[in-house]
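*Asks:* Chains A and B, in that order, give the protein sequences.
So in our numbering, the last spot in the first sequence is 181, and the numbers never skip.
So in our numbering, the last spot in the second sequence is 302, and the numbers never skip.
Some hints could be false.
In silico lysine-lysine, BS3-like type, Cα no more than 27 Å apart, as pairs [said to hold, decoys possible]: (1) B/K261 with B/K210; (2) B/K210 with B/K263; (3) B/K249 with A/K173; (4) B/K209 with B/K249; (5) B/K209 with B/K261; (6) B/K210 with A/K77.
Coverage of chain B stretches by chain A, computed from C-beta distances (three or more under 8 Å per stretch; other residues unrestricted) [to be verified]: (7) 208-215; (8) 292-301.
What the hints contain is simulated information worked out from the structure, not anything from laboratory work.
Here a beta-carbon is modelled for each residue, glycine too, at the ideal position from N, C-alpha and C.
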Amino acid sequence: DAKTTQPPSMDCAEGRAANLPCNHSTISGNEYVYWYRQIHSQGPQYIIHGLKNNETNEMASLIITEDRKSSTLILPHATLRDTAVYYCIDGYSTLTFGKGTMLLVSP
Amino acid sequence: EAQVTQNPRYLITVTGKKLTVTCSQNMNHEYMSWYRQDPGLGLRQIYYSMNVEVTDKGDVPEGYKVSRKEKRNFPLILESPSPNQTSLYFCASGPDTEAFFGQGTRLTVV
């Protein structure tokens with residue numbers, strides 16, 4: 075079973091930042107935090123991952139708390155095409171998907 | 193372009209008729225895996241392969257077989273499909289740090 079906890083749904087206005095939280099209170103020292111998203115029954119798409127430090131790439135930023143028990147995925151300027159289910163996963167060698175957060179970006 | 197290609201994309205079959213869903217990747221990845229996705233149950237791993245000739249069961253392997261004779265291909269075999277295997281199937285290639293997923297195969301077993 076998935077070990078992370080995410081809100082089932084969130085709304086965001088187009089152009090605003092979307093901040094998606096995730097709790098992973100049982101994460102162990104060598105486990106990463108991964109974020110993937112799935113747009114309407116397409117294959118999941120990798121977004122970003124991190125171990126301890128905050129990370130940023132062209133898609134998003136990942137903020138991991140110092141105790142590593144939670145993290146936040148930030149989409150700085152959400153667009154309609156960012157509407158998707160976002161999955162937060164903690165692990166080392168296998169991706170175990172939970173139910174994720176359905177992010178709805180509205181005009 | 194990095195690609196994971198699954199075929200077919202859609203398949204309707206009858207109970208008991210053997211079928212194979214193919215998966216091919218062009219990224220020279222050692223790790224490949226298969227998932228199924230069902231409403232309310234999310235994505236669940238069926239089988240994975242760490243390298244050629246090395247495969248192992250995931251969370252829901254019953255009723256499925258896989259083979260890994262060459263690095264680029266990882267077919268999923270249903271020897272005797274049953275209606276409870278009606279699902280959306282995804283092949284994935286690559287490490288967890290950036291796994292690439294195929295576009296999915298929607299299988300209906302009647």
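*Asks:* Are the hints correct? Go through all of them and say.
*Replies:* Going down the list of hints, with the structure as the test:
The suggested pairing of B/K261 with B/K210 holds, with an alpha-carbon distance near 20 Å, which does not exceed 27 Å. For the hint pairing B/K210 with B/K263, the CA-to-CA distance comes to about 24 Å; that is within 27 Å, so the pair holds. A hinted pair counts as satisfied when its Cα atoms are at most 27 Å apart, and B/K249 with A/K173 qualifies at roughly 22 Å. Under the criterion of a C-alpha separation no larger than 27 Å, the hint pairing B/K209 with B/K249 is consistent with the structure, at around 23 Å.
Note on B/K209 and B/K261: the hinted pairing holds, with a Cα-Cα distance of about 23 Å set against a maximum of 27 Å. With a CA separation close to 35 Å, the supplied pair B/K210 and A/K77 exceeds the 27 Å bound. Closer than 8 Å: that is the beta-carbon criterion, and the stretch 208-215 of chain B has 0 residues meeting it against chain A, so the requirement of 3 is violated. For a cut-off of 8 Å, the count of residues in the stretch 292-301 of chain B with a CB near a CB of chain A stands at 5, and the three-residue condition holds.
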